[in-house]
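K.L.:
In case you want the letters, here they are:
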Amino acid sequence: NAGVTQTPKFRVLKTGQSMTLLCAQDMNHEYMYWYRQDPGMGLRLIHYSVGEGTTAKGEVPDGYNVSRLKKQNFLLGLESAAPSQTSVYFCASRWNSNQPQHFGDGTRLSIL
Amino acid sequence: GENVEQHPSTLSVQEGDSAVIKCTYSDSASNYFPWYKQELGKGPQLIIDIRSNVGEKKDQRIAVTLNKTAKHFSLHITETQPEDSAVYFCAALGPTAGNKLTFGGGTRVLVKP
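These protein sequence lines are chains Y and L, in that order. The opening position of the first sequence corresponds to residue 1 in my numbering, with each subsequent residue numbered one higher. The opening position of the second sequence corresponds to residue 113 in my numbering, with each subsequent residue numbered one higher.
Lysine-lysine pairs mimicking DSS-like chemistry, simulated, CA-CA at most 25 Å apart:
no.: 1; chain 1: L; residue 1: 149; chain 2: L; residue 2: 134
no.: 2; chain 1: Y; residue 1: 9; chain 2: L; residue 2: 154
no.: 3; chain 1: L; residue 1: 154; chain 2: L; residue 2: 224
no.: 4; chain 1: Y; residue 1: 57; chain 2: Y; residue 2: 9
no.: 5; chain 1: L; residue 1: 149; chain 2: L; residue 2: 180
no.: 6; chain 1: L; residue 1: 149; chain 2: Y; residue 2: 9
Keep in mind that the hints were calculated from the coordinates and are not lab data.
Using the sequences and the accompanying hints, generate a full structural model.
P.N.:
This is the structure:
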């Protein structure tokens with residue numbers, strides 16, 4: 001009964017390094033989302049996907065890329081990390097527009 | 113696009129009292145309004161939701177009301193308990209591509225024993 005699983009849970013990067021955050025869901029959901037959560041700013045949508053092989057930009061996409069090669073996985077990439085990308089990143093998924101959105105427990109990313 | 117405002121940003125209540133959190137939204141086409149509870153170190157968890165064809169929904173100690181005309185919805189928690197202490201987020205979903213939720217800024221609720 002895993003639901004939405006995010007890896008890694010914590011990571012510290014140096015400015016300019018790259019990394020990929022992985023989100024995996026075992027609920028056969030079509031829609032997947034990446035958010036960042038900063039103090040006092042709630043959840044802001046970075047990128048999303050409406051199905052395997054599709055991606056689209058959200059509210060704050062700059063500096064990030066995503067891929068959805070398999071239905072169950074949604075990857076978030078940082079090509080050249082910047083201190084402004086220090087945040088907690090949440091992945092979410094939903095089956096269709098009439099179903100609730102389920103969240104993972106987050107990845108805490110610090111960029112020095 | 114949709115804009116959701118949430119008030120208050122912090123709320124302190126005595127155990128046993130009620131807590132009310134209010135949200136307003138801007139897009140009259142929004143039709144689904146979930147509420148999430150986020151505990152420390154965890155992701156948001158859905159606690160209750162309401163659709164635009166319903167004015168009120170209850171689940172034990174929590175209830176949500178929706179006023180479509182005024183474009184606002186509220187979360188009501190009765191008989192608060194210490195385990196209700198968390199951050200609560202409201203959200204609104206409109207009929208846009210990707211069915212994207214727009215979240216309010218969150219309310220930190222502290223229930224004092």
